[in-house]
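Each protein sequence line maps, in turn, to chains V and A. First residue of the first sequence? That's 1 in the working numbering, and the numbers climb one at a time after it. First residue of the second sequence? That's 1 in the working numbering, and the numbers climb one at a time after it.
Worth flagging that the hints you see were computed from the coordinates, not collected in a lab. Incorrect hints may have been included.
Using 27 Å as the maximum straight-line C-alpha spacing, the simulated DSS-like pairs for lysine-lysine come out as follows [what the hints assert, rightly or not]:
#  : chain 1 : residue 1 : chain 2 : residue 2
1  : V       : K144      : A       : K253
2  : A       : K112      : A       : K279
3  : V       : K192      : V       : K209
4  : V       : K283      : A       : K117
5  : A       : K278      : V       : K64
6  : V       : K144      : A       : K279
7  : V       : K120      : A       : K278
8  : V       : K62       : A       : K155
9  : A       : K81       : A       : K117
10 : A       : K279      : V       : K120
11 : A       : K279      : V       : K283
12 : V       : K210      : A       : K278
13 : V       : K114      : A       : K155
14 : A       : K279      : V       : K107
15 : A       : K112      : V       : K62
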Amino acid sequence: MRRPGQYAVMLALFVAASAFAQAPVPGFLERAITQAEGAVTVTVAVPSDQESQDFFGVPLYKRKIQPVWLEISNDSDATITFLPLGLDPQYFTPIESAFLGAGGAGKTDASMRKFFFDRKIDMYIDPGEKRTGFMFTALQQGTKSFNVDVYTDDEQLINFTFFVPVPGLRLDHSDVDWETLYPAAEIRELDKDALIEALAAMPCCTTDKKAEGTGDPLNLVVIGDVDDVYYAFIRAGWDETEVVSVSSLAKMGKSFVSGSEYRYSPVSGLYVFGRPQDVAFQKARANINERNHLRLWMSPLRYEGVPVWIGQISRDIGVRLTAKTITTHKVDPDVDETREYLVENLAYSQALARLGYVEGVGPATIGEPRGNLTGDPYFTDGKRVVLWISSTPRDFGDIQDLDWGAQPTR
Amino acid sequence: MNSCRSNILIAQYLGLLLAMSACASAPYQPADIASVPFQDRAETQARGPIEVSAAVPGPEETRALFDLPLYDSGIQPVWIKVRNGSDDWIRYAPVSTDREYFSGQEVAYVHKGAFSKEARKQMNHYFFDMGMPRRIPPGESRSGFVFTHAQPGTKAFNVDLFGASREQDLSFTFFIDVPGFQPDHSEAYFGELYDPGEIRDLDRDSFRAELAALDHQTRDSSGQALGLPINVVVIGEPEHVLQALIRANWVEKPRTASEIAADQTYLFGRIADVVFRKKRTAGGGSTELRFWLSPMREGGTPVWFVEVTHHVGGGKGQGELDPDVDDAAAYFVQDIWYGRGLAAYGWVRGQGQVPFDNPNQSFTGDRYFTEGYLAVMWLSGPALSMLELDELDWDEAPGRVEP
């Protein structure tokens with residue numbers, strides 16, 4: 001049986017026993033996050049690219065493998081079961097990770113395979129015991145989100161949800177100072193009727209930098225605190241976005257030349273309130289290597305004390321030629337379909353508390369579509385969806401569907 | 001819009017003459033939906049005042065319906081009709097049918113190449129009109145298509161509806177056979193594998209005792225050289241096993257005649273009856289299930305022996321078998337459990353421990369180590385809550401004790 005506080009000693013022993021790992025102290029443990037429920041305590045930490053390389057001696061991130069360190073302790077009087085599949089159904093096995101990390105099965109030796117295998121977290125934790133080890137998961141940079149599911153002897157599933165910042169990316173929202181975005185005098189708390197009116201009166205569309213032109217329709221309203229909004233989109237499978245920097249430009253260049261994917265690629269600025277988006281998310285699609293893009297701006301409005309955001313979502317469906325930029329992504333002209341997809345995406349990931357619709361975009365029919373700044377046509381019923389983010393997981397069936405006078409009919 | 005001209009300029013510049021076809025001027029001529037009789041195969045389910053019908057047109061029917069070879073692009077339309085006899089609006093969620101469904105405008109855009117500008121416009125409108133709407137008003141019906149990823153064999157999907165009444169479960173599951181696809185197996189095949197005299201029906205205790213004493217390893221065709229261990233035993237009627245696997249996104253692996261001829265992995269004197277595969281990692285890693293129907297029955301229900309193996313994907317590791325066959329078994333148990341198809345399970349500790357430091361080599365050259373456990377799983381066709389699992393008090397689960 002392992003006693004509390006022993007993992008550092010054990011890790012040191014593991015490292016000493018390994019011929020190839022060179023890390024003296026796993027620094028990622030300093031960022032460990034702990035949650036407890038009943039008799040079960042779970043601590044997690046996620047090594048960065050460099051820390052993974054240092055600890056395992058091979059470039060796991062390069063192979064899109066991300067180790068997650070776990071410690072699970074069981075203070076109950078019956079065995080509990082940790083379910084790796086609940087953390088990541090796409091997990092890599094330890095030996096597979098060794099093979100891939102080393103660049104081929106032939107490049108591993110028995111000691112390396114054993115090093116990985118011995119660090120796998122156990123599924124079963126006996127009463128009064130604690131288990132420590134790694135899972136090898138699909139890479140998610142920026143903020144790593146995952147569940148830890150534990151099945152107890154009295155046939156209950158305990159579900160822990162973690163959001164773990166992973167060093168290594170420079171994210172757009174980290175650059176925003178939320179406290180000083182608006183002077184205190186500009187912040188307005190509104191009641192329901194005033195909010196509906198204010199949302200309908202917001203600009204229909206994004207603009208260019210000079211606040212000219214009419215771009216993509218602002219068909220999203222999100223109501224939620226800053227962290228809850230990030231977590232909701234991350235839990236729903238959206239990736240964060242890096243700012244333009246020497247590092248991100250190099251990654252973009254590499255991705256362009258090699259055709260590899262750069263999930264956190266900086267995106268162009270669209271303008272509302274005279275500034276580019278505060279935060280952008282992107283979501284890879286399984287087909288045709290295209291993505292969904294989503295941009296949010298925090299407004300000075302507050303509802304029930306919570307910030308109100310306005311936003312825009314678009315779905316890439318292909319590449320087309322333009323006069324200005326040679327090529328650009330072709331955006332799905334059925335912007336309502338993309339909007340409703342987002343509603344379901346957030347609902348199925350249990351991130352929605354309430355849902356409603358307001359006017360404000362203005363309708364355009366498929367026969368007489370409007371155009372955005374890059375000349376993509378779109379058609380819409382002209383409504384904005386209002387999405388209340390839930391700070392705790394919420395079942396689809398428990399979402400409140402509010403009739404704010406602009407219910408879509410299709 | 002002069003995209004046609006700029007396409008040609010670019011094409012000439014790059015020497016990509018194929019792009020010329022992008023400016024063909026074919027008219028768009030979809031068949032009248034009533035003239036394509038795929039709806040005759042529609043299956044209908046009802047719950048209270050809500051009725052859902054679904055049908056899946058085959059490749060040829062789809063070509064006629066949309067004037068496009070959508071199956072060739074990996075796109076399979078699913079036709080859905082919802083009759084809402086309740087007093088409230090209900091909402092259909094297309095992501096329940098395919099998490100990564102294609103939007104109608106996307107399908108049209110991807111196939112725009114062959115058509116004139118006027119025909120493209122007509123096609124965009126057609127796809128919009130034929131799409132299944134999300135909202136169904138009280139007392140009315142709505143029908144239309146959702147564009148999904150093509151699935152060979154039986155098409156399995158959900159239709160989730162949400163209404164004002166939170167009490168009612170409005171998730172409908174369909175399994176629909178699609179013309180033009182023939183899966184490997186059939187009920188008849190399984191019925192003819194054994195003579196009635198060969199089949200032994202066991203009660204649960206003698207079943208467990210027999211599994212513990214069993215030599216569970218596959219062999220080569222000569223029956224001499226040893227293969228990998230059987231690490232899972234499944235109990236279930238064929239259609240229930242199929243439903244549980246499909247719900248957990250397992251896909252039957254179609255095998256060509258030459259692949260079948262080359263298969264040297266034998267049990268009960270024959271190669272696997274059916275093989276399923278699932279993509280596991282983003283790096284191309286997969287997990288494979290080889291099923292053999294055994295002559296045993298447990299409480300009258302067929303018993304299957306399964307060899308579950310992880311395959312390493314991506315780059316130079318490609319094709320390697322993960323030697324940790326116990327992880328593969330544990331993965332499969334959890335996968336079916338999360339897929340709401342596991343009714344009961346237990347572990348049987350067999351005799352075949354193989355230590356990590358001294359792995360065995362199968363006749364195919366694959367190395368493996370194992371603690372020698374069999375995961376024994378009773379599968380459910382209809383979806384079960386994860387909390388309805390019956391854990392049998394058999395052998396202690398495999399721990400990470402060094403064998």
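Results of checking the hints against the structure:
1. K144/V x K253/A: violated, 33 Å
2. K112/A x K279/A: violated, 31 Å
3. K192/V x K209/V: violated, 32 Å
4. K283/V x K117/A: Between K283/V and K117/A the Cα gap is close to 31 Å, so the pair fails against 27 Å, i.e. violated.
5. K278/A x K64/V: Answer holds: K278/A to K64/V is near 19 Å, not above 27 Å.
6. K144/V x K279/A: Given that 27 Å is the threshold and the Cα spacing comes to 22 Å, the pair holds.
7. K120/V x K278/A: Holds - the C-alpha atoms of K278/A and K120/V are around 22 Å apart, at most 27 Å.
8. K62/V x K155/A: violated, 36 Å
9. K81/A x K117/A: violated, 32 Å
10. K279/A x K120/V: holds, 21 Å
11. K279/A x K283/V: holds, 20 Å
12. K210/V x K278/A: Violated, because 51 Å separates the two Cα atoms, which is more than 27 Å.
13. K114/V x K155/A: Violated, because 42 Å separates the two Cα atoms, which is more than 27 Å.
14. K279/A x K107/V: holds, 24 Å
15. K112/A x K62/V: violated, 37 Å
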